[in-house]
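**Q** Sequence lines, in order, name chains B and W. In terms of the working numbering, the first sequence opens at residue 1 and continues consecutively. In terms of the working numbering, the second sequence opens at residue 1 and continues consecutively.
Since the hints were made in silico from the structure, they are not lab data. Any given hint could be a false lead.
Any copy, or any two copies together, can satisfy a pair, since identical chains are not distinguished.
Unchecked claim - Derived pair list, reagent style SDA-like, types lysine to any residue, alpha-carbon separation capped at 25 Å:
no. : residue 1 : residue 2
1   : K332      : R68
2   : K224      : D115
3   : K104      : D159
4   : K180      : E89
2 protein chains.
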Amino acid sequence: MTELAGEDARTETDAASDLQEVWPVLSTEERLEGLRTFPPGEAEDFLLSLPARDQAELILAMRPPERRFWMRLLPLDDAADVIQAAPEEEREGLLGLLDDSARKELAALLAYAEDEAGGLMNPHYARLRPEMSVDEAITYLRRQARERLETIYYVYVLDPEQRLLGVVTFRELFSAPPSKTVRDIMHTDVVVAHEEMDQEALSRLFQEHNFLAIPVIDDERHVKGIVTVDDIVDVVQEEATEDIQKFGGMEALDAPYLDIAFGTMVRKRAGWLSALFIGEMLTATAMGHFEAEIARAVILALFVPLIISSGGNSGSQASTLVVRALALGELKLRDWWRVVRRELAAGLALGSILATIGFARILTWQALFHPYGEHYILVALTVATSLIGVVTWGTLAGSMLPLLLRRLGFDPASASAPFVATLVDVSGIVIYFTMASLILGGTLL
Amino acid sequence: MTELAGEDARTETDAASDLQEVWPVLSTEERLEGLRTFPPGEAEDFLLSLPARDQAELILAMRPPERRFWMRLLPLDDAADVIQAAPEEEREGLLGLLDDSARKELAALLAYAEDEAGGLMNPHYARLRPEMSVDEAITYLRRQARERLETIYYVYVLDPEQRLLGVVTFRELFSAPPSKTVRDIMHTDVVVAHEEMDQEALSRLFQEHNFLAIPVIDDERHVKGIVTVDDIVDVVQEEATEDIQKFGGMEALDAPYLDIAFGTMVRKRAGWLSALFIGEMLTATAMGHFEAEIARAVILALFVPLIISSGGNSGSQASTLVVRALALGELKLRDWWRVVRRELAAGLALGSILATIGFARILTWQALFHPYGEHYILVALTVATSLIGVVTWGTLAGSMLPLLLRRLGFDPASASAPFVATLVDVSGIVIYFTMASLILGGTLL
Numbered sequence: 001m002t003e004l005a006g007e008d009a010r011t012e013t014d015a016a017s018d019l020q021e022v023w024p025v026l027s028t029e030e031r032l033e034g035l036r037t038f039p040p041g042e043a044e045d046f047l048l049s050l051p052a053r054d055q056a057e058l059i060l061a062m063r064p065p066e067r068r069f070w071m072r073l074l075p076l077d078d079a080a081d082v083i084q085a086a087p088e089e090e091r092e093g094l095l096g097l098l099d100d101s102a103r104k105e106l107a108a109l110l111a112y113a114e115d116e117a118g119g120l121m122n123p124h125y126a127r128l129r130p131e132m133s134v135d136e137a138i139t140y141l142r143r144q145a146r147e148r149l150e151t152i153y154y155v156y157v158l159d160p161e162q163r164l165l166g167v168v169t170f171r172e173l174f175s176a177p178p179s180k181t182v183r184d185i186m187h188t189d190v191v192v193a194h195e196e197m198d199q200e201a202l203s204r205l206f207q208e209h210n211f212l213a214i215p216v217i218d219d220e221r222h223v224k225g226i227v228t229v230d231d232i233v234d235v236v237q238e239e240a241t242e243d244i245q246k247f248g249g250m251e252a253l254d255a256p257y258l259d260i261a262f263g264t265m266v267r268k269r270a271g272w273l274s275a276l277f278i279g280e281m282l283t284a285t286a287m288g289h290f291e292a293e294i295a296r297a298v299i300l301a302l303f304v305p306l307i308i309s310s311g312g313n314s315g316s317q318a319s320t321l322v323v324r325a326l327a328l329g330e331l332k333l334r335d336w337w338r339v340v341r342r343e344l345a346a347g348l349a350l351g352s353i354l355a356t357i358g359f360a361r362i363l364t365w366q367a368l369f370h371p372y373g374e375h376y377i378l379v380a381l382t383v384a385t386s387l388i389g390v391v392t393w394g395t396l397a398g399s400m401l402p403l404l405l406r407r408l409g410f411d412p413a414s415a416s417a418p419f420v421a422t423l424v425d426v427s428g429i430v431i432y433f434t435m436a437s438l439i440l441g442g443t444l445l
Numbered sequence: 001m002t003e004l005a006g007e008d009a010r011t012e013t014d015a016a017s018d019l020q021e022v023w024p025v026l027s028t029e030e031r032l033e034g035l036r037t038f039p040p041g042e043a044e045d046f047l048l049s050l051p052a053r054d055q056a057e058l059i060l061a062m063r064p065p066e067r068r069f070w071m072r073l074l075p076l077d078d079a080a081d082v083i084q085a086a087p088e089e090e091r092e093g094l095l096g097l098l099d100d101s102a103r104k105e106l107a108a109l110l111a112y113a114e115d116e117a118g119g120l121m122n123p124h125y126a127r128l129r130p131e132m133s134v135d136e137a138i139t140y141l142r143r144q145a146r147e148r149l150e151t152i153y154y155v156y157v158l159d160p161e162q163r164l165l166g167v168v169t170f171r172e173l174f175s176a177p178p179s180k181t182v183r184d185i186m187h188t189d190v191v192v193a194h195e196e197m198d199q200e201a202l203s204r205l206f207q208e209h210n211f212l213a214i215p216v217i218d219d220e221r222h223v224k225g226i227v228t229v230d231d232i233v234d235v236v237q238e239e240a241t242e243d244i245q246k247f248g249g250m251e252a253l254d255a256p257y258l259d260i261a262f263g264t265m266v267r268k269r270a271g272w273l274s275a276l277f278i279g280e281m282l283t284a285t286a287m288g289h290f291e292a293e294i295a296r297a298v299i300l301a302l303f304v305p306l307i308i309s310s311g312g313n314s315g316s317q318a319s320t321l322v323v324r325a326l327a328l329g330e331l332k333l334r335d336w337w338r339v340v341r342r343e344l345a346a347g348l349a350l351g352s353i354l355a356t357i358g359f360a361r362i363l364t365w366q367a368l369f370h371p372y373g374e375h376y377i378l379v380a381l382t383v384a385t386s387l388i389g390v391v392t393w394g395t396l397a398g399s400m401l402p403l404l405l406r407r408l409g410f411d412p413a414s415a416s417a418p419f420v421a422t423l424v425d426v427s428g429i430v431i432y433f434t435m436a437s438l439i440l441g442g443t444l445l
């Protein structure tokens, strides 16, 4: 939290960094013991630097008085994360440790999904009335500065119904003539986030504007809280990890690799792996259709892995590019026709490069070891034309599939790359053996 | 920049968001014309919200007086980015537009690599002397607040040689008793970044500590500038994009998908694609070794794509997990033995699941269509045992390769997933045909 960062700019001690080193391999009891070796002030810093999952684990392992102490110490948005990270049956109990007003505010926070603006915000922020003079405002803020606010550096100007009128930075207030009122110096066109805004959209808003904080409002422009940029760094990292794991063909793990239970991890990987396996079974069916051709010219079978993997690799390049560009907002659905033209041209260029290498390889091997028989030129031609076809098709399919998934309302990152590879493998076999019939018909076939 | 965000918390107007919408398809002239339609204050906001590449393009298209105006308006670290984004031959000219002192500071900034702490920092920051009283400090800061500082919210306390003594947040200063001195309230154990710290390490430092700013120091603890958290959001996003593109088997593009020149994009993709293609040629060699077996039992060829792709998919899952965990610092090299045990167990579990599905599939197809001849049970057994072997090997290789790359000093993200797929394809063929000789020797082979 900015609040805590602001209040306490000290570094961690050696003890803290030692503990951080061995943290992943410690049991809950050992972690708790480690925490108790700190002087009180440092224990706070250390606990606050941990992810919510670890905080919850530790707090639940404590005795009741200690547990209450820590729950009351946490900033409200962190307390909400801890409660969400705790097992269902413990949440009520943790909530009960807070005082009345905190409990009420927290219940409001918990109603939001974790990945929307409302779930990221802190309900405490600095506020002013428009009719205050600059000097009154500074005095008033000096009082607020001693409370546990998220930040006093952006101050929101509210009407009596708590609706947002404007914003003023502390710095503007600080350097303004004392005789002016807050209304004179405030900005009225504030960048805001709706309470249900998705965290990915919210992080784009922060990137566009470079603000330290953005207020969260409801339909009636009531300010519900503020989100600060330091929480957005975590969001960006988290979303990137999710996307990368989906690229890798699995469900997002939502936990550090070494922390996640073995069974959960296997389950998250087995689902997609089995789905892809069942899809890849179509390759056996496709190959079965060309069993007669393979029997007549076994040489054709030798190049199947080479050809389908080239289609898969080029498709996975294209889908990676498009998925990431969609996630960053560089690409919109309506750009699809530009993507088609670009990827068609790229596919033809890349296919021709691989075809040239493949053609040269077969001719060289033939000259050196004579493995491909008398029709080696025709075999080389089959492989080369198939490569152009497969790579072009792979590139096109790889770039269009994420757009199609997005259009249908799915997450384009979901297993795009391996899914494309499977699709391209099957069609690659068909393209290859069709080329072979056309070129080798009457000679080898 | 926090500076500008702080100074101007207004939203973009409708005109600005309209322009942002069509931005990617506009020519440089149209972009410049669009910029000129804004009232002066808003044109600044808009230009400042653009990436450095676009800022450079626009500024270079302007006439000299306008060009100077904009170069002098940019905060120093942004100006450095613009100069770095401009073509080599234009840089000297852009630097010449600045006044003497700015030029000197900028030349110092440009000596840093773009992706290290020194290249991200702003050399202007708020500073105090330790012997000042709180009231003197506030007055002094009030004067500094009117200058173009990055932020006044973290104030650094320096000795006469500009060496860092401590830090105090503005808020602490603001709520401290006026009689105290800065030395009384400052924190002396400051989290700092060395000027050559890599931006990925720097972003982890921000994530651990949740600070708004971190000072950058040299070997003698002189403060060279500060890095603010809003720049770190961009860094995290940029590093994730690089990693994702490397996962997808290509060089990082370093530019938005629709902006990058076609030739550059094809070159960045063709390099890795050709390397992988040349690697995959080994599959043809491997298949060639088993040509006699395929000729005797064509049925074996049908399952080659299924088996090698299963190895590739499981390997790419494992390498994705490990590469990301390394990037996030969740995993260290010395954890390799834990990873081996975990992935060996995961590979056996996943391989057994796929083996069961594959076995069931062959038996079902045989019952329905009789495609696999009298030895179908042995064929099914060959496929199932090969799957266990290939998936276990793929998982193990996929998890170990990134650790090996890191150990050798390479970037583990570089084409890990497709490289693993290629490695596993070749060894998958060998495993499969070896199993076939063992199980089918004397019957089909």
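**Q** Decide, hint by hint, whether the structure agrees.
**A** Checked hints:
Taking the shortest alpha-carbon separations for K332 and R68, neither the intra-copy value of 49 Å nor the inter-copy value of 35 Å comes in at or below 25 Å. Within a single copy, K224 and D115 get their C-alpha atoms as close as 16 Å, which meets the 25 Å cut-off; across copies the closest is 37 Å, which misses it. In the homo-oligomer, the alpha carbons of K104 and D159 lie at most 25 Å apart inside one protomer (23 Å), although the nearest pairing across protomers, at 48 Å, exceeds that limit. Taking identical chains as interchangeable, the C-alpha atoms of K180 and E89 are never at most 25 Å apart, the minima being 54 Å within one chain and 49 Å between chains.
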